[in-house]
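Each protein sequence line maps, in turn, to chains A and B. Going by my numbering, the first residue of the first sequence is number 1, and it counts up by one from there. Going by my numbering, the first residue of the second sequence is number 1, and it counts up by one from there.
I should point out that these hints are in silico values taken from the structure, not numbers from a laboratory. You may find that some hints are simply not true.
Claimed, not checked - Across the chosen pairs, the derived CB separations fall in these ranges:
#1 B:53 x A:87: 42 to 48 Å
#2 B:77 x A:116: 23 to 29 Å
#3 B:98 x A:129: 33 to 39 Å
#4 A:166 x B:74: 30 to 36 Å
#5 B:42 x A:129: 48 to 54 Å
To be verified - The following residues of chain A were derived to be distant from chain B, with all beta-carbon distances above 10 Å:
#6 15
#7 63
#8 86
#9 119
#10 157
What the hints assert, rightly or not - Residues on chain B that point at chain A, a partial pick, calculated with CB under 8 Å:
#11 9
#12 15
#13 16
#14 18
For every residue, glycine included, the Cβ atom is placed at its ideal position computed from N, Cα and C.
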Amino acid sequence: MSDVMTASQARFDVAAGPDLRRWVLQGRDAGLAAGAAAFGLSGVPDMLRTAQVAGGTAARLGPHELVFFAEPDRADAIYSALQAGLKDIPSSLVEISDRQVAIDISGPDVELVLSSLSPMDFNIRAFPVGMATRTLLAKADGMVWRTGPQSFRLEVWRSFVPYMTEYLQKVACDVRF
Amino acid sequence: MLLIRCPYCGDRAEIEYANAGEAHIVRPADPMAVSDEEWAQYLYMRDNPKGLIAERWRHSHGCGRFFNAIRDTRTDRFVMTYEMGQPRPTIDSEAAAEAAR
Numbered sequence: 001m002s003d004v005m006t007a008s009q010a011r012f013d014v015a016a017g018p019d020l021r022r023w024v025l026q027g028r029d030a031g032l033a034a035g036a037a038a039f040g041l042s043g044v045p046d047m048l049r050t051a052q053v054a055g056g057t058a059a060r061l062g063p064h065e066l067v068f069f070a071e072p073d074r075a076d077a078i079y080s081a082l083q084a085g086l087k088d089i090p091s092s093l094v095e096i097s098d099r100q101v102a103i104d105i106s107g108p109d110v111e112l113v114l115s116s117l118s119p120m121d122f123n124i125r126a127f128p129v130g131m132a133t134r135t136l137l138a139k140a141d142g143m144v145w146r147t148g149p150q151s152f153r154l155e156v157w158r159s160f161v162p163y164m165t166e167y168l169q170k171v172a173c174d175v176r177f
Numbered sequence: 001m002l003l004i005r006c007p008y009c010g011d012r013a014e015i016e017y018a019n020a021g022e023a024h025i026v027r028p029a030d031p032m033a034v035s036d037e038e039w040a041q042y043l044y045m046r047d048n049p050k051g052l053i054a055e056r057w058r059h060s061h062g063c064g065r066f067f068n069a070i071r072d073t074r075t076d077r078f079v080m081t082y083e084m085g086q087p088r089p090t091i092d093s094e095a096a097a098e099a100a101r
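Could you build all of it, start to finish, from the sequences and the hints given here?
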């Protein structure tokens, strides 16, 4: 994504995330169970948790909502599996690939930087690896997913990406002082 | 900062939520059978208590779900939040006094 400005610093790094395809599945328990099974999971992830399969990730962002992320080479297979698995089950599967853009942030200061964007507790005990949630990042709606002890994936709506990356850079400078 | 406990996501900042008015307002089953006064009562008339109120809230910047909450209108303190569809819980006097403090 050309919109994402990259900058490497010793303690904090912002990088454009991978190009992914995304679908949001809304449905009751039966719909979520069928979607998770078609995606290749053994069960629906717990609330605010993610689960991974080869080439894809599912995030439970709401009690009746699952978001699927797929790498482009696996996307067609995953999409046809989802369509087949959800046939005849009342649910809604919508592709949102172009709505949002992934930003990868990492480094020892990553929790401090995120704390300047949102009042949530990003300590690893309160926000463990594998947790994902939607929240407000400064003034932009976004999703936060902890991918490692010192790395997060942000998903923000496309038009907010320049704002978000610039904001992250500014905050990273502030945090260092 | 005011923390509100979403029944699904846990404690989050107030900025993530939207208030959606009084809870437990029942729509008349047959709108054609009620008088204009009763319909106006259903549409527009709301309680304005000084003290505990049951409200609908929506976690609009989080999971997106509606839920109900009991709040004290004098202090803005939340006694509890609960899922949609449950009846209004009874609040004991100790919890009510704590919310009014």
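List, from low to high, the hint numbers that the structure doesn't satisfy. Result: hints 4, 7, 9, 14 break, sorted rising.
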